[in-house]
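Participant: Read off the chains here:
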Amino acid sequence: MLSQDAAIETDAYEGNAAFPPLDPEYFASQLFWLAISFIVLYFLLSRFILPRIGGAIEERRDRIADDLDAAAQMRDQADETVKAYEKSLAEARARAQSVAAGAKAEADAEIAEAVREADARLDAQQAESETRIRAARDKALKEVRKIAAGAAAEISGRLAGLDVAPADAEKAVDAVRKG
Amino acid sequence: MADATNPIKQFEIHPIAELMVGGLNLSFTNSSYFMVVSVILVSGLLSLAMSKRALVPGRAQSVAELMYEFVAGMIRSTAGDDGLKFFPFVFTLFAFILMGNMLGMMPYFPAPDFHGFTFTSHLIVTVGLAMTVMTIVIGYGIWKNGFKFLKLFVPSGVPAPLYLIVTPIEIISFLSRPVSLSVRLFANMLAGHILLKVFAGFIVMLGAAGAGWAVVGVLPLFMVVALTALELLVAFLQAYVFAVLTCIYLSDALHPGHH
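Line by line, the protein sequences give chains A and B. Per our numbering: the first sequence = residues 1 to 179. Per our numbering: the second sequence = residues 1 to 259.
No lab work stands behind these hints, which were simulated from the structure alone. Quick reminder that beta carbons are idealized off the backbone N, C-alpha and C, glycines included. Some clues are possibly wrong.
So the derived list for chain B, only partly shown, Cβ under 7 Å to chain A, looks like this [what the hints assert, rightly or not]: (1) L24; (2) T29; (3) L123; (4) L190.
Dumping the calculated DMTMM-like pairs for lysine to aspartate or glutamate here, alpha-carbon to alpha-carbon at most 25 Å [unchecked claim]: (5) K197/B to D23/A; (6) K178/A to E154/A; (7) K52/B to D67/A.
This is chain A alone, in the form it adopts within the complex (with noise of 0.2 Å):
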């Protein structure tokens, strides 16, 4: 292996004296080559290219804030948005509940109209009743005295042979109730 690199060296310095990275033959070529080279590439990449690139950086840059703007705008607009729906949600509610509490009130007072009027009509009839109820009571008891009045003449009339007046039976009625 040795001697076989050592003839491939050889090989390499048969055919070319330098060694080729350092020979002296193509510098002024290399130079003249690579000054024409890099100056066309400079002059490419400086005119046409680079400011080609930076201005799509550029320009997206600017499009981004742009955008950033126009979204912090827009955010506030929601945000004003949302606090009029909030605010105008409020308002609604309140009347809502107001209208609410109305209603209420109004149920509240018909209910105790038609609880008055109930009681009234109630109060009336029971008045009524009891009037009668006395009436009838009274003509009962008025019924009883004459029966008690009639009843005692005839017992008088036929025991002890009296003739008692109805008038007189009723007096003597009156007189043994009160007694």
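Starting from the known structure of chain A, fit chain B onto it as the hints suggest.
Facilitator: Same frame as chain A, now just chain B:
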């Protein structure tokens, strides 16, 4: 067989079109070919990626923008915002070296002789790039700061007697910059490609050595696969290191007083 396993062969330069100007050999070679291909690929791919220029980028555009932001961030973090005036230069350096390194990772390439070539593995190329950087650093530093550029060698906040030691050190470190900048890239690419080729050569040699040895040839194959991954990392990393160091040196030219 010797060519197939020769680790140096890949660095050879072949002229494609001879060109002699005033006694200088300026031939269009396979090295020049790869440089031109790099330029075409970098500008072509980036143009293609940005052809739609969509607000929501696709994959290609994302990569182009990522690269743009990557280099811009690199400059901003090392040289500050005023370093961005060198952005096209640093981006060109980074893209050119990166593409050159990556093209070098192709074992075969539609090129003359069909063998890959890494122009960054040639010292003269990296020296050329490093000297371009240093020329811009010194030229811009003097143009902008004038005499104050020399403050670079006299860092502030150092007790006076220490300047006798600090200043020579600063000068030496400044002078060694182009050397380290160019040699780092060159040596990394050279060593990596030699290593790849040596292990790849082992596979060929073991394969030719007979049935028993051919089985052992699986080992260097795994090594080559692992090294290829490593070299892809190195190819990117060295382009990045070159660009970052360029930014740091440019930062010295921009504000030489403090560093």
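Participant: Does the alpha-carbon distance linking K178/A and E154/A stay inside the 25 Å limit?
Facilitator: holds, 21 Å
Participant: Answer holds if the nearest beta-carbon of chain A is closer than 7 Å to that of L190/B; otherwise answer violated.
Facilitator: holds, 6 Å
Participant: Can you confirm whether the C-alpha distance between K197/B and D23/A stays at or below 25 Å?
Facilitator: Distance ~20 Å between K197/B and D23/A Cα, so the pair holds.
Participant: Given the hint that K52/B pairs with D67/A, test it: the Cα-Cα distance must not exceed 25 Å.
Facilitator: It holds: about 22 Å lies between the C-alpha atoms, which stays within 25 Å.
Participant: Does the CB of L24/B sit less than 7 Å away from some CB of chain A?
Facilitator: holds, 4 Å
Participant: Should the hint that L123/B touches chain A count as held when the rule is a Cβ pair under 7 Å?
Facilitator: Constraint on L123/B satisfied, holds at 6 Å.
Participant: Verify the interface restraint on T29/B: the C-beta must sit less than 7 Å from at least one C-beta of chain A.
Facilitator: Holds. Min distance 6 Å.
The structure shown violates none of the earlier numbered hints.
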